Structures are given as C-alpha cells and as structure tokens.
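> Our numbering runs 172 ahead of the 1-based position in the sequence shown.
Calculated from the structure, these hints are not laboratory results. Worth double-checking, as some hints may not be accurate.
Listed next, the in silico DSS-like pairs over lysine-lysine satisfying Cα-Cα at most 30 Å (straight line) [unchecked claim]:
{"#": "1", "residue 1": "Lys229", "residue 2": "Lys247"}
{"#": "2", "residue 1": "Lys220", "residue 2": "Lys177"}
{"#": "3", "residue 1": "Lys222", "residue 2": "Lys207"}
{"#": "4", "residue 1": "Lys229", "residue 2": "Lys177"}
{"#": "5", "residue 1": "Lys220", "residue 2": "Lys207"}
All values derive from a computational prediction rather than experimental measurement.
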Amino acid sequence: MNSGKVALGVLAAAATGAILGILFAPAKGDVLRRKIRMMGEKEMDDAKEKYNEFTDKVTKNYEKVKENVTDFAHKTMSRNEAEVKTAESN
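Work the whole structure out from these sequences, hints included.
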C-alpha cells in the first residue's frame, strides 16, 4: 500500500471521527455548525498541504530521473561515436 493511500485514509478517518464526535456532543445548532465548518476548513487546509508536499516530491523525483536519463543518453552517444570513429579508422 503506498504512502499516499495511507495518508488519505488517515485523513478521512480523522475527519470522520471528528465530525461524529461533534455531532454527538451536546451543543446548540449554530455552535455545532460553526465547529463543523471550522473543522472542515482545517481538514481542507491539511489536505491541500499534503497534496502540495506530494506534488513537490513527485516533481523533484521526476527532475532527478530526467537528469539521469539525459546523462545516460549523452554518455551512450559519446561512447557510440568513439566506437564508430575507431571502426572507421580500422
């Protein structure tokens, strides 16, 4: 199971638990709605932060792979050119 799915599951479970806790706690309707809205906003902020961290990590890994592939391609091309020159001189 990848870490993204685990993080999403943990966030969903935490949000569900928090909402159920608020719903079953005695409070006036307007207070309850305000608490739910505040918790929803907090959960959205947390989810956005996790999403941004994830996309940053994916972007960094993509750039590393791209750089490695480019380096490998250049080295391979240089080696092939050297072998062609050697073959032509023989």
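> So, against the hints stated earlier in the document, which numbers end up violated here?
The structure breaks none of the hints.
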